[in-house]
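K.L.:
Mapping to the working numbering: the sequence shown position 59 is 59, numbers consecutive.
Simulated from the structure, these hints should not be mistaken for lab results. Everything numeric in this text was worked out from a predicted model, so none of it was measured. The reader is advised that the hints may include incorrect statements.
[Stated by the list, open to error] When the alpha-carbon atoms are kept at most 20 Å apart in a straight line, the in silico SDA-like pairs for lysine to any residue are as follows:
#1 Lys-47 to Thr-37
#2 Lys-47 to Thr-58
#3 Lys-51 to Ser-61
#4 Lys-47 to Ala-36
#5 Lys-51 to Leu-35
#6 Lys-87 to Lys-72
#7 Lys-4 to Ile-14
#8 Lys-4 to Val-22
#9 Lys-72 to Gly-62
#10 Lys-4 to Val-16
#11 Lys-47 to Gly-57
#12 Lys-72 to Gln-53
#13 Lys-51 to Leu-63
#14 Lys-72 to Ser-61
#15 Lys-4 to Leu-21
#16 Lys-51 to Val-64
#17 Lys-51 to Val-41
#18 Lys-51 to Lys-72
#19 Lys-81 to Leu-65
#20 Lys-47 to Gly-62
#21 Lys-72 to Glu-55
#22 Lys-47 to Leu-63
[To be verified] Across the chosen pairs, the derived CB separations fall in these ranges:
#23 Val-41 to Asn-71: 18 to 26 Å
#24 Ile-86 to Ala-56: 34 to 42 Å
#25 Thr-58 to Lys-81: 45 to 53 Å
Glycine is no exception: its CB is placed at the ideal position from the N, C-alpha and C atoms.
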Amino acid sequence: MIIKSVNIVLLIVILVYAFMLVSQRYTARLEYNRLATLQRVAEGLNKDYTKLQIEAGTYSSGLVLQDIAYNKLGLVVPDSKHIVEIK
């Protein structure tokens, strides 16, 4: 009788341990997938950040602004007869 009850207790312990192990492995897989997804998002954000840095460098030079002023807005450099000095 004692051996039978010990066997039942051991069986219950083994089943509980097996369920815990399966649960941990499932959780680990979910977290690994989440990590992989976040890494892909981070790579995309890094690419976007690099593009924005290049774009910021381009627009910080005066050449782009000068091109926009001349070609899109139709602005011209004033000559001396259009400059008024205020005292």
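K.L.:
Against each hint, give a clear statement of whether it holds in the structure.
P.N.:
So, going through the hints one by one against the coordinates:
Under the criterion of a C-alpha separation no larger than 20 Å, the hint pairing Lys-47 with Thr-37 is consistent with the structure, at around 16 Å. Between Lys-47 and Thr-58 the CA atoms are separated by roughly 17 Å; this keeps the pair inside 20 Å, and the hint holds. At most 20 Å may separate the alpha-carbon atoms for a hinted pair to count; Lys-51 and Ser-61 meet this at roughly 16 Å. Among the hinted pairs, Lys-47 with Ala-36 is consistent with the structure: their alpha-carbon atoms are about 17 Å apart, no more than 20 Å.
In summary, the hint linking Lys-51 to Leu-35 is not supported, as the alpha carbons are separated by about 24 Å, beyond the 20 Å threshold. Under the criterion of a C-alpha separation no larger than 20 Å, the hint pairing Lys-87 with Lys-72 is inconsistent with the structure, at around 33 Å. As the CA atoms of Lys-4 and Ile-14 are separated by approximately 15 Å, the hinted pair is consistent with the 20 Å bound. Distance restraint check for Lys-4 and Val-22: the Cα-Cα separation of roughly 27 Å exceeds the 20 Å cut-off, and the hinted pair is therefore not satisfied.
Between Lys-72 and Gly-62, the direct Cα distance comes to roughly 15 Å. Compliance with the 20 Å bound is thereby established for this hinted pair. Of the supplied pair hints, the one linking Lys-4 and Val-16 holds, its CA atoms being roughly 18 Å apart against a limit of 20 Å. As the CA atoms of Lys-47 and Gly-57 are separated by approximately 15 Å, the hinted pair is consistent with the 20 Å bound. Our distance criterion of 20 Å between C-alpha atoms is broken by Lys-72 and Gln-53, whose separation comes to about 24 Å.
With a C-alpha separation of about 19 Å, the suggested pairing of Lys-51 with Leu-63 holds against the 20 Å cut-off. Of the pairs offered as hints, the one joining Lys-72 and Ser-61 holds, with about 17 Å between alpha carbons and a cut-off of 20 Å not exceeded. A threshold of 20 Å between alpha carbons decides the hint, and for Lys-4 with Leu-21 the separation of about 26 Å lies outside it, so the pair is violated. Proposed proximity of Lys-51 and Val-64 is supported: the alpha carbons are some 17 Å apart, at most 20 Å.
Between Lys-51 and Val-41, the direct Cα distance comes to roughly 15 Å. Compliance with the 20 Å bound is thereby established for this hinted pair. For the proposed pair Lys-51 and Lys-72, the alpha carbon gap of about 24 Å is over 20 Å, so the pair is violated. For the suggested pair Lys-81 and Leu-65, the alpha carbons sit about 25 Å apart, so the restraint of at most 20 Å is broken. Distance check on the hinted pair: Lys-47 and Gly-62 sit about 25 Å apart at the alpha-carbon level, beyond 20 Å; violated.
A hinted pair counts as satisfied when its Cα atoms are at most 20 Å apart, and Lys-72 with Glu-55 qualifies at roughly 19 Å. Using a Cα cut-off of 20 Å, the hinted pair Lys-47 and Leu-63 is violated, with the two alpha carbons roughly 25 Å apart. For the pair Val-41 and Asn-71, the supplied restraint of 18 to 26 Å is violated, since their beta-carbon distance comes to about 38 Å. A C-beta distance of roughly 35 Å is found between Ile-86 and Ala-56, which places it inside the suggested range of 34 to 42 Å.
At roughly 35 Å, the beta-carbon separation of Thr-58 and Lys-81 lies outside the given 45 to 53 Å, and the hint is violated.
Violated hints, in rising order: 5, 6, 8, 12, 15, 18, 19, 20, 22, 23, 25; the structure is consistent with all others.
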